[in-house]
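Protein chains in written order, with numbering that gives the first Met the number 0: chain F, 0 to 239; chain W, 0 to 119.
Rather than coming from a laboratory, the hints here were simulated on the basis of the structure. Just to be clear, a hint being listed does not mean it is correct.
[What the hints assert, rightly or not] No more than 25 Å apart at the CA atoms, straight line, and that leaves these computed lysine-lysine pairs for BS3-like:
#	chain 1	residue 1	chain 2	residue 2
1	F	K87	W	K22
2	F	K79	W	K39
3	F	K79	W	K31
4	F	K41	W	K10
5	W	K39	F	K87
6	F	K79	W	K10
7	F	K70	F	K87
8	W	K22	F	K79
9	F	K70	F	K219
10	W	K15	F	K78
11	W	K29	W	K39
Source: prediction; values computed, not measured.
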Amino acid sequence: MSNDHDHDHDHGHGHKPPAPMVEEISDFEALEIAVRELAIEKGLFTAEDHRRFTEFAEHIGPTPAARMVAKAWLDPEYKKLCLTDAIKASFAVGVDWLNPTGFGTPSDYTDLRVLEDTPTMHHVVVCTLCSCYPRPILGFQPEWYRTPNYRRRLVRWPRQVLAEFGLTLPPEVEVRVEDSNQKCRFIVMPVRPAGTEGWTEDQLTEIVTRDCLIGVALPKPGMTTNIPLPVHKPAKPAHH
Amino acid sequence: MSQHDRTHHAKIATGKGDPQCFKGTAGPAKFKVGDRVRIKNLPDIFYTRCQVYTRGAIGEVAVVTHESPAPEDEAWGHVDQSEWFYIVRFKQKDLWPEYPANFANDTLQTEFSERWLESV
Chain F
0 MSNDHDHDHD HGHGHKPPAP MVEEISDFEA LEIAVRELAI EKGLFTAEDH
50 RRFTEFAEHI GPTPAARMVA KAWLDPEYKK LCLTDAIKAS FAVGVDWLNP
100 TGFGTPSDYT DLRVLEDTPT MHHVVVCTLC SCYPRPILGF QPEWYRTPNY
150 RRRLVRWPRQ VLAEFGLTLP PEVEVRVEDS NQKCRFIVMP VRPAGTEGWT
200 EDQLTEIVTR DCLIGVALPK PGMTTNIPLP VHKPAKPAHH
Chain W
0 MSQHDRTHHA KIATGKGDPQ CFKGTAGPAK FKVGDRVRIK NLPDIFYTRC
50 QVYTRGAIGE VAVVTHESPA PEDEAWGHVD QSEWFYIVRF KQKDLWPEYP
100 ANFANDTLQT EFSERWLESV
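All chains, full assembly: derive it from the sequences and hints.
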């Protein structure tokens with residue numbers, strides 16, 4: 000909108016296009032579409048199979064990983080299991096990594112690691128290669144996780160990128176970036192926030208949102224994925 | 000006319016998982032937790048998962064993770080030779096010269112197969 004000053008005369012009667020959208024498609028996304036179309040053409044699977052798998056994967060939701068963290072906050076023994084054998088710990092939240100799709104084959108690599116935050120250490124996960132993500136327990140990646148912007152910048156300027164997500168951490172907190180570039184997959188186990196004393200597992204699960212599990216946000220009482228989002232009035236409303 | 004069986008991994012991993020299906024195939028691990036290592040700057044052809052920003056940097060082995068064929072081999076269909084994998088921890092200031100001094104404690108971890116590491 001750097002040209003706004005050229006259009007001041009237009010206020011009130013002109014038609015302003017919406018703010019520019021990021022319409023970036025990475026090479027990997029183009030490659031995925033190309034390979035998918037070839038596979039369908041070749042008869043390896045059908046478009047219907049693909050749709051069904053996508054539906055399955057998108058319905059996993061963040062709940063299993065959130066519940067894992069909530070359970071670990073409440074049960075020190077379970078927490079120990081999460082930190083030593085997260086694949087085994089996943090069974091307790093209903094996720095079998097070795098058969099996650101129900102289609103008979105493992106859909107992804109199966110070495111989950113839980114990164115435990117402390118009051119002086121904060122983890123955040125990225126895959127600089129593409130988009131490695133613990134899908135069986137966390138669902139599909141958010142769009143921004145796959146963008147070259149996030150991938151390139153998080154490893155080099157983590158504090159600046161976290162600040163763009165609204166998370167500013169003091170210097171005494173060590174920021175540890177985990178670049179997930181091989182077969183290990185990662186979730187962050189944040190510190191249980193103050194103000195949640197006496198909460199049930201269900202209540203705690205609600206505040207461990209997807210972004211907390213990636214490490215770009217911290218859990219807070221009252222901040223769940225289900226609360227209505229605040230609506231901000233546009234600074235420059237469009238007139239139609 | 001590839002002779003490569005594209006369901007090979009799925010078949011050997013079903014019920015066990017990948018990389019668990021390669022357990023016990025790499026021999027003894029060369030490095031242990033706490034070892035200081037330098038990332039080699041090996042040539043790579045067509046495919047690698049060793050990021051350029053880590054090459055030549057010195058870090059510390061944080062986790063000995065699992066055994067698996069290296070992706071540089073898997074990309075060519077060679078899955079007979081496994082290696083140990085390691086999560087290596089770097090000080091951010093050892094990776095990026097301009098990293099701000101007031102955040103000197105910040106770290107980054109990423110994973111390598113054994114061929115990329117040498118003792119310091």
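Hint-by-hint comparison with the structure:
no., hint, result
1, K87(F) x K22(W), "holds, 17 Å"
2, K79(F) x K39(W), "violated, 35 Å"
3, K79(F) x K31(W), "holds, 22 Å"
4, K41(F) x K10(W), "holds, 21 Å"
5, K39(W) x K87(F), "violated, 34 Å"
6, K79(F) x K10(W), "violated, 32 Å"
7, K70(F) x K87(F), "holds, 14 Å"
8, K22(W) x K79(F), "holds, 23 Å"
9, K70(F) x K219(F), "holds, 17 Å"
10, K15(W) x K78(F), "holds, 23 Å"
11, K29(W) x K39(W), "holds, 15 Å"
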